[in-house]
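Between the sequences and the hints, there should be enough to build the whole structure, so can you do that?
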Amino acid sequence: MRNRALIIAGLVVVFFVGAIWGVHRGPVPLPKIPEASGHCVLPTAEIRRDHRMLLRAVREEMVRHKTGNPADRLTNCISCHVQKNAAGKFIPVNAHGQFCQACHVYAGVKPDCFVCHAAVPEKPFAKGSFVNGGAVPTAFPVPSTLSHSMRVPVGDHP
Amino acid sequence: MTDQHTPPTVDEPPRQDSEIDPTRRRLLAMAGGVVALSLAPGVSVLARTLAGGKGTGRAQPIRYGLLIDATKCTGKCDACVNACVRYNGLSTDRGPDYSQWIRKVTVTDPKTGSVSRFPVMCQHCAEPACVEVCPTGASFKRSDGIVLVDKHRCIGCRYCMMACPYKARSFVARNLTDQKPWSPRGRGSVEACTLCVERVDKGQIPACVEACGSQGKKAMLFGNLHDPKSEIAKRLAQYPTTTIRADLGMAPGVHYRGI
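Order-wise, the sequence lines are chains Z and B. Counting in the working numbering, the first sequence runs from 1 upward without gaps. Counting in the working numbering, the second sequence runs from 1 upward without gaps.
These are calculated hints, taken from the structure and not from any lab test. The structure displayed is predicted, hence computed values, not measured ones. Mixed in with the good hints there might be a few duds.
Claimed, not checked - Straight-line distance between alpha carbons at most 27 Å, and here's what the computed DSS-like set of lysine-lysine pairs gives: (1) B:Lys180 with B:Lys202; (2) Z:Lys123 with Z:Lys84; (3) B:Lys234 with B:Lys217; (4) B:Lys72 with B:Lys218; (5) B:Lys141 with B:Lys229; (6) B:Lys218 with B:Lys202; (7) Z:Lys123 with Z:Lys66; (8) B:Lys167 with B:Lys180; (9) B:Lys229 with B:Lys202; (10) Z:Lys110 with B:Lys180; (11) Z:Lys123 with B:Lys202; (12) Z:Lys110 with Z:Lys123; (13) B:Lys229 with Z:Lys66; (14) Z:Lys123 with B:Lys180; (15) Z:Lys66 with B:Lys202; (16) B:Lys141 with B:Lys167; (17) B:Lys180 with Z:Lys84; (18) B:Lys104 with B:Lys234; (19) B:Lys104 with B:Lys167; (20) B:Lys180 with Z:Lys66; (21) B:Lys202 with B:Lys141; (22) B:Lys167 with B:Lys218; (23) B:Lys217 with B:Lys229; (24) Z:Lys66 with Z:Lys89; (25) B:Lys180 with Z:Lys89; (26) B:Lys167 with B:Lys111; (27) B:Lys141 with Z:Lys66.
Stated by the list, open to error - Computed footprint of chain B on chain Z; a stretch qualifies when at least three of its residues, placed anywhere within it, have a C-beta under 8 Å from a C-beta of chain B: (28) 54–68; (29) 108–119.
Cβ coordinates follow ideal geometry from the N, Cα and C atoms, glycine included.
So this is what it looks like as structure tokens:
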């Protein structure tokens, strides 16, 4: 270990270069989430945390027991959150930068819903057609954490 | 021995209800309260069950089934198969990857030479073998008698395909794209005729039955077998029908006439 000093010096240099690079680069930017065309079944903070449980519960209920609130179905989420490209065609919600994918890439999660489920709706979400168990929810307050910088207007997407 | 009985003495009058020991009374009251409290949730659940809330799917004795009239079905018509492929987004390429939910078969009686043609799909049995053998509970029968694969639970072991005597199920071995939103299907799970549950739940009839009525020979009828007022139950009572491999005792929900 004659090169001990050299190795330690090298590690220190690598550490500092990495740290400076990290600070310079800043934190990983928050995902830009395309805006939905309707109102969610839950307040944003809750759906963000609990959508897995909600989807898991509703898939069990709808598929096996014919119960559950149809408003909670994945197909509803898709038809409300899907975007159109310049040509007016639906972009799959699991495409790069789209509603599902944007957050899941940020969180490092790989959902397998779209192995089977269609990532585009049959028809566009019709405003006013949404029924949440009979009660149409009014606008939910958007938490301050969801600033406008995180939202991109509906428009062209690659 | 009877003469040795002594009448109750004056200082020990017979006990009356009002003279229960106060401690004992409290204890009894508490016990009663505990019993009532422990029964209350059960009673409320029972009340909900008896009320038969919307969507519980258990109160109504529904059993969906089909009646297929092989005397009307002809060899050249493929309307039911095409409608199924179109509605559920199945591959039109009949290669090795073809998912076969419904197929037309031709059977010939070797003794008489009489030929009959009819479609065969999942028979939606009352005692389905596929459900018996499924190791994960993915194969299941809905309360209305429709036998389905819960693809969230299916691990693709294909035991059900082996167990089904009707060869009704198929396995998806490759990645799929462009699935229909109402018919999720994908690689690694088994699938079969769903009796178009999405349509049935909306009060419509399966796509094959609709196509047979509009483009075919009106040989297929869908309905609730348990409702004596339904058209299908009336017809089943009207003339003799049979089920395929009735000897297996799985009580299929698909009935055939003229085979």
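Tested hints:
1. Pair hint B:Lys180 plus B:Lys202 holds up; C-alpha atoms about 17 Å apart against a cutoff of 27 Å.
2. Straight-line distance between C-alpha atoms of Z:Lys123 and Z:Lys84 comes to about 12 Å, which keeps the hinted pair within the 27 Å bound.
3. At roughly 20 Å between alpha-carbon atoms, B:Lys234 and B:Lys217 fall within 27 Å of each other, so this suggested pair holds.
4. For the hint pairing B:Lys72 with B:Lys218, the CA-to-CA distance comes to about 7 Å; that is within 27 Å, so the pair holds.
5. Using a Cα cut-off of 27 Å, the hinted pair B:Lys141 and B:Lys229 holds, with the two alpha carbons roughly 24 Å apart.
6. Note on B:Lys218 and B:Lys202: the hinted pairing holds, with a Cα-Cα distance of about 22 Å set against a maximum of 27 Å.
7. The straight-line distance between the Cα atoms of Z:Lys123 and Z:Lys66 is roughly 23 Å, inside the 27 Å bound, and the hint therefore holds.
8. Among the hinted pairs, B:Lys167 with B:Lys180 is consistent with the structure: their alpha-carbon atoms are about 24 Å apart, no more than 27 Å.
9. Restraint check for B:Lys229 and B:Lys202: satisfied, since their Cα atoms lie roughly 20 Å apart, inside the 27 Å limit.
10. Taken as a hint, the Z:Lys110 and B:Lys180 pair is honoured in the structure, with Cα atoms around 22 Å apart against an allowance of 27 Å.
11. About 17 Å separates the Cα atoms of Z:Lys123 and B:Lys202, which keeps this hinted pair within 27 Å; it holds.
12. Using a Cα cut-off of 27 Å, the hinted pair Z:Lys110 and Z:Lys123 holds, with the two alpha carbons roughly 26 Å apart.
13. Restraint check: the Cα-Cα separation between B:Lys229 and Z:Lys66 comes to about 24 Å, which is no more than 27 Å; the hinted pair holds.
14. At roughly 11 Å between alpha-carbon atoms, Z:Lys123 and B:Lys180 fall within 27 Å of each other, so this suggested pair holds.
15. Between the alpha carbons of Z:Lys66 and B:Lys202 the distance comes to roughly 12 Å, so the proposed pair stays at or under 27 Å and holds.
16. Between the alpha carbons of B:Lys141 and B:Lys167 the distance comes to roughly 18 Å, so the proposed pair stays at or under 27 Å and holds.
17. A threshold of 27 Å between alpha carbons decides the hint, and for B:Lys180 with Z:Lys84 the separation of about 18 Å falls inside it, so the pair holds.
18. About 26 Å separates the Cα atoms of B:Lys104 and B:Lys234, which keeps this hinted pair within 27 Å; it holds.
19. Under the criterion of a C-alpha separation no larger than 27 Å, the hint pairing B:Lys104 with B:Lys167 is consistent with the structure, at around 12 Å.
20. Under the criterion of a C-alpha separation no larger than 27 Å, the hint pairing B:Lys180 with Z:Lys66 is consistent with the structure, at around 20 Å.
21. Between B:Lys202 and B:Lys141 the CA atoms are separated by roughly 19 Å; this keeps the pair inside 27 Å, and the hint holds.
22. At roughly 25 Å between alpha-carbon atoms, B:Lys167 and B:Lys218 fall within 27 Å of each other, so this suggested pair holds.
23. Using a Cα cut-off of 27 Å, the hinted pair B:Lys217 and B:Lys229 holds, with the two alpha carbons roughly 24 Å apart.
24. At roughly 32 Å between alpha-carbon atoms, Z:Lys66 and Z:Lys89 are farther apart than 27 Å, so this suggested pair is violated.
25. Restraint check: the Cα-Cα separation between B:Lys180 and Z:Lys89 comes to about 16 Å, which is no more than 27 Å; the hinted pair holds.
26. With a C-alpha separation of about 25 Å, the suggested pair B:Lys167 and B:Lys111 falls inside the 27 Å cut-off, and the hint holds.
27. Our distance criterion of 27 Å between C-alpha atoms is met by B:Lys141 and Z:Lys66, whose separation comes to about 12 Å.
28. Remark: the segment 54–68 of chain Z is confirmed as covered by chain B, as 8 of its residues place a Cβ nearer than 8 Å to a Cβ of that chain, reaching the required three.
29. With a threshold of 8 Å between beta carbons, the proposed coverage of the segment 108–119 of chain Z by chain B holds, since 4 of its residues qualify and at least three are required.
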